[in-house]
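First to last, the protein sequences are chains A and B. So the first sequence is numbered by my numbering: it starts at 1 and just counts up by one. So the second sequence is numbered by my numbering: it starts at 1 and just counts up by one.
Take the hints with a grain of salt, since some may be wrong.
[Unchecked claim] Below are the DSBU-like pairs computed for lysine-lysine, each with C-alpha atoms no more than 30 Å apart in a straight line:
#1 K233(B) <-> K219(A)
#2 K232(B) <-> K157(A)
#3 K3(B) <-> K237(B)
#4 K237(B) <-> K331(A)
#5 K13(B) <-> K312(A)
#6 K201(A) <-> K259(B)
#7 K13(B) <-> K38(A)
#8 K312(A) <-> K232(B)
#9 K13(B) <-> K231(A)
#10 K3(A) <-> K219(A)
#11 K306(A) <-> K259(B)
#12 K50(B) <-> K236(A)
#13 K107(B) <-> K201(A)
To be clear, the hints were calculated from the coordinates, so they are not data collected in a lab. Just so it is clear, the structure is predicted and the values come from calculations on it, not from any experiment.
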Amino acid sequence: MFKKYRLENLEKGNLIAFGEVFQGMLHPSSIEILTPLKDLGLKLNKKVVLVCLIDDVDSFKDLELLKKCIADEIWMVCHQELAHFRDDLYAEVLVEMVKATDPCGLFFPATSIGCSLAPRIAGRLNLGLCAHVNHLEIEDGKIVMTRPTYGENIIAKLISNTSPVMATLSIGAFSAIYGEKEPKFFEVEMPSDFSWVSKLKVRRFTPAAKQPNRLSTAKVVIAGGRGLRSKENFQKLFELAEVLRAEVGATRPVCYEGWVEEDRMIGISGVTVRPKVYIGLGISGALQHTVGMENSEYIVAVNIDKEAPLVKMAHLGLIGDAPKVLDLLIKRLKK
Amino acid sequence: MEKIILCIKGVPKPGTVKVDPKTHTLKRESLELILNPPDRQAIEMTARLKETYGFKVYVITMGPPNVIPLLKEVYGIVADEMVLLSDRAFAGSDTLATSYVLAQAIKRLSPYSLVLMGLKSIDGETSQVPPETAALLELPSLTHVKAIYKEENSWVVIRQTEYGEEELEVNPPFVASILPEAFDYLRPPSLKRLLEAKVKEPMVLAANDLDLIPERLGLNGSPTQVVDVFEKKIEIKGQVIEGDPSFLVEKLVSVLEQKGIINP
Ligand SMILES: Cc1cc2nc3c(=O)[nH]c(=O)nc-3n(C[C@H](O)[C@H](O)[C@H](O)COP(=O)(O)OP(=O)(O)OC[C@H]3O[C@@H](n4cnc5c(N)ncnc54)[C@H](O)[C@@H]3O)c2cc1C
């Protein structure tokens, strides 16, 4: 169906993005990370290639999406052994690809798979790897990666001295854009002596019962932090969310306390949201959190502390007890 | 007896972190260290495996000598031997340089069956060290693991990601990072073993004691380098309102109406 190319005949020196395919479906972050890469590609005069590892084209469900994406080329590696993600085998395929095509950058969405696969490749090839990057730029011809770091409001810029430059990119940190020009599709033929073996054998897969939340595309987000004081109070956010047709978000300490699942964490280690209205209750506004919500159209902060960074950066800061405000708001809206 | 290598990390107590203004790395020596919270599940997993199958447990960490109390804590819960990898030359390591030292030290402890770690550490949040170490050891790696058990002819691992639950067969040795949700419980140390730990000292290995290439160590051996750090200024956007909660709620409701989120 696609033009077949032997690995060694593919073009060299590209910017490669990992297109995460699981059970025939493309993870939306794989499209998002093309946005900053396209920009780097224009500045460095490099092509952007999205690489997908799949078992066969017929069971791949998102071909139409790929046709609209802004990658210059799509490389598909198709083999029955790739039907299910297995860290060691997937890593070996990409290691071979890096060796053969000498990319200048190799980027992954910071999903569970991305965060398992990228370090395996980095370890195999002794490459530097930056985690949860949320901004990319070129300085003096070099790829510079940005992420918030330890401490209050500190941002760090990093480079990697090894090639390809490698990073996992924060989920939702970049918005997907689509292009007019359909990318070129190639099916990659791995060398005949490539060994398609994995030490992992998948016996069973049970899909998650619950649908993934829609935080990153929600129009209204209500997020809670440690200032909500208890799991019980936090649970009330879901009541409010139902009335407002909103999604519930959280800060890291609250997730680690077990008040709510970790997939609701907003920030550098979680997801980035861009709603019309974001309401943060009892959240201090540490940079690791705010990089994940600062592009919300309208920000409301409820906090007892006037000086909290989130209150300062909010369009509307309400100074008061978050659990009380939450209770009253639910009552008022249910009236 | 078959061995489990349990890797743990001392992390700065949240809220006490200081950054070295020159190297932009954490000042670790001066810090109060706590056990990295996600390591708790790796420790509990180790304890369960030891109970069921009778492993010998080596707890290992890389860090300054002030992590020794944490090693002893783990000794009190599950470990039989403690290993500390400590050398000035390791300071400022990124995940690859850290994984390199860990991998070289783990090789020294061969043969072993399982290498267990927490999913991630709360100071870096990268999740990279377990798969990087596995790759350097040329072993299979599994992340997000919530159960490990033995069947007749093979080991079975259950891992859980946002997609669902996978059951995999894998033969030791392998490296697994344990899901923080795997257990909500970590057994306390036994008093007897804590007393034992008081007089027992960890084996301390420095760079010279291991087969290490100096160019791969510490800040200089780390391919990722911080080139700049800067403070992000907070942009003050709007108005701040004080008053009693019902007044604040009215204000919020009117904003939600204005924005078309709710009908007036
Ligand atoms: C490597 C790394 C990555 C991280 N990644 C993330 C991430 O992705 N997402 C994230 O959120 N965090 C992340 N963090 C943690 C982050 O630095 C902050 O610690 C965290 O965001 C703070 O959460 P919080 O606002 O809930 O808690 P706190 O900082 O404790 O703030 C609680 C707030 O509640 C207010 N408050 C207290 N009582 C009340 C009350 N009754 N009513 C109203 N307000 C009240 C207080 O004034 C305070 O402002 C990361 C940290 C590190 C080191």
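Hint check:
1. K233(B) <-> K219(A): Cα-Cα ~27 Å, so holds.
2. K232(B) <-> K157(A): 12 Å, holds
3. K3(B) <-> K237(B): Violated, at about 57 Å.
4. K237(B) <-> K331(A): Holds. K237(B) to K331(A) sits at ~29 Å (cutoff 30 Å).
5. K13(B) <-> K312(A): Roughly 26 Å between the alpha carbons, so the hint for K13(B) and K312(A) holds.
6. K201(A) <-> K259(B): With a Cα-Cα distance of about 52 Å, the restraint between K201(A) and K259(B) is violated, given a limit of 30 Å.
7. K13(B) <-> K38(A): Distance ~40 Å between K13(B) and K38(A) Cα, so the pair is violated.
8. K312(A) <-> K232(B): Holds, at roughly 13 Å.
9. K13(B) <-> K231(A): It holds: about 23 Å lies between the C-alpha atoms, which stays within 30 Å.
10. K3(A) <-> K219(A): The hint is violated at about 41 Å.
11. K306(A) <-> K259(B): 24 Å, holds
12. K50(B) <-> K236(A): 41 Å, violated
13. K107(B) <-> K201(A): 25 Å, holds
Checked against the numbered hints given earlier, the structure breaks hints 3, 6, 7, 10, 12 and satisfies all the rest.
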